[in-house]
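There are 2 protein chains.
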Amino acid sequence: MRLKAGLLFASDSRTNAGVDHISTFRKMNVFEQPGERLICVLNAGNLATTQSVISLLRQRCAHEGRHLLNVASLYEAAELLGRTLKEVVARDANDATLGQGVDFGANFIIGGQIRGEAPRLFHVYPQGNFIEATEDTPYFQIGESKYGKPIIDRVIRHGSSLNEATKCTLISFDSTIRSNLSVGLPIDMLIYRSDSFAPAAPHRVEATDPYFLKLSRGWGEGLRRVFAKLPDEDWFGG
Amino acid sequence: MRLKAGLLFASDSRTNAGVDHISTFRKMNVFEQPGERLICVLNAGNLATTQSVISLLRQRCAHEGRHLLNVASLYEAAELLGRTLKEVVARDANDATLGQGVDFGANFIIGGQIRGEAPRLFHVYPQGNFIEATEDTPYFQIGESKYGKPIIDRVIRHGSSLNEATKCTLISFDSTIRSNLSVGLPIDMLIYRSDSFAPAAPHRVEATDPYFLKLSRGWGEGLRRVFAKLPDEDWFGG
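In the order they appear, the protein sequences are chains A and B.
Under this note's numbering, the first residue of the first sequence carries the number 1, and numbering increases by one thereafter.
Under this note's numbering, the first residue of the second sequence carries the number 1001, and numbering increases by one thereafter.
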């Protein structure tokens, strides 16, 4: 989400993956220079593809040339991510492998702030092209997104606070987790206040997190209360 | 939905279709002999496929042999629907047409009651095989189902009343309609009370339906009220 108040990134951690790397928060990866830039990348889709893209992006930060730690804008960061994605897919998805019916595709969300710019947020498609969040469309979802979309559509506006955004995001994940086994706790969250350039402090919400449990219970009870109070119609004409 | 109290069928009517036939309620088709059997078929997917399947099923009711108006059980009705679906797909989806990347698939829900049996409900897959609803899984969805699933999962149980089921179904459609343009009003609904064998009386819920408007507004306001009352967490440590 890209709100007036800042950015909120969140990802679940249900995956068939094996290896996690240091400073890799499962489906959330942070590239930062505190005081100067923070870039957060979320991924969904083919794990081999997403891991390769992240590995290449990170590896290249140590070398010459353009990389996520020296590009001048978030737009360039999204373009670099898209190009790296195309590079990996072109390498892995040749005629021989495509015949096996494997989907090499992956979606990414990349956002953050680079000094000199306002916070920005992009959705990079499997084809490597990308769109940017606006005030009218302040959020993107990738992966198993549909179950949790209605609540976001109802409550999140560009002017929502970061606390509201966090609450809504956790409720949205809770709805998805209840209806679909492919999404699961813990949830990794990164909250970034506009123009703070503070070091990233990701927060991991485990199944036992008291706030998450409170929200989950309160939301479920609240929904059932609202539902029960809504009028019945007599469909059998008395 | 197959509940203790009876069956509830509902379908939206957003489609690229052209032609509607008499006694065809858009994506809802009823086969009945009041006093003896009621069978309701809902469809989603390729329109050419679903129309052909329904046309063949209906046409064959006027002829000799097994058809929906003389099969002895709902299980046989589901099997017949699955076989007709396979027949249509085998006819239309040959090597030449498959190469065009068209998806000929369709999903069906078929349910009802035939005298001598309890009400039953089946989901027929694009492959023609099918599963039956149970007390643990009292409902099926086909088509654009994910947005509206969480509310059903939260409130519908085998013991829910038909009025509750109707209320929940309309709220579920409202959530989907708000988040996805491919689903739209009006909604066709058919409510069947167990063992009534009453003539089908489908109800069409239009955009101006006062009950639907009351539910839609009340649910939206209720959700926002519940959301606002849930506690905020201070993510920045004071």
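Everything labelled a hint here was simulated from the structure, so no lab data went into it.
Any given hint could be a false lead.
Said to hold, decoys possible - A short list of chain A residues far from chain B (calculated; beta carbon distances all over 10 Å): (1) 70; (2) 179; (3) 220; (4) 233.
What the hints assert, rightly or not - Quick look at which bits of chain A chain B covers, simulated, 3 or more residues with Cβ under 8 Å: (5) 150 to 158; (6) 164 to 177; (7) 209 to 215; (8) 221 to 230.
To be verified - Derived DEER-like restraints, expressed as beta-carbon distance ranges: (9) 194(A) to 1086(B): 54 to 62 Å; (10) 1127(B) to 154(A): 35 to 43 Å; (11) 1086(B) to 201(A): 51 to 59 Å; (12) 116(A) to 1136(B): 56 to 64 Å; (13) 1033(B) to 129(A): 52 to 60 Å; (14) 65(A) to 1134(B): 26 to 34 Å; (15) 1033(B) to 135(A): 55 to 63 Å; (16) 1059(B) to 48(A): 49 to 57 Å; (17) 1217(B) to 72(A): 43 to 51 Å; (18) 1127(B) to 33(A): 49 to 57 Å; (19) 1132(B) to 184(A): 25 to 33 Å.
Don't be surprised by glycine CBs; every beta carbon is placed ideally from N, CA and C.
How the hints compare with the structure:
no. : hint                          : verdict
1   : 70                            : 29 Å, holds
2   : 179                           : 5 Å, violated
3   : 220                           : 6 Å, violated
4   : 233                           : 5 Å, violated
5   : 150 to 158                    : holds (count 5)
6   : 164 to 177                    : holds (count 7)
7   : 209 to 215                    : holds (count 3)
8   : 221 to 230                    : holds (count 8)
9   : 194(A) to 1086(B): 54 to 62 Å : 57 Å, holds
10  : 1127(B) to 154(A): 35 to 43 Å : 37 Å, holds
11  : 1086(B) to 201(A): 51 to 59 Å : 56 Å, holds
12  : 116(A) to 1136(B): 56 to 64 Å : 57 Å, holds
13  : 1033(B) to 129(A): 52 to 60 Å : 56 Å, holds
14  : 65(A) to 1134(B): 26 to 34 Å  : 59 Å, violated
15  : 1033(B) to 135(A): 55 to 63 Å : 58 Å, holds
16  : 1059(B) to 48(A): 49 to 57 Å  : 50 Å, holds
17  : 1217(B) to 72(A): 43 to 51 Å  : 48 Å, holds
18  : 1127(B) to 33(A): 49 to 57 Å  : 53 Å, holds
19  : 1132(B) to 184(A): 25 to 33 Å : 28 Å, holds
The structure fails to meet hints 2, 3, 4 and 14 from the earlier list, while all remaining hints are met.
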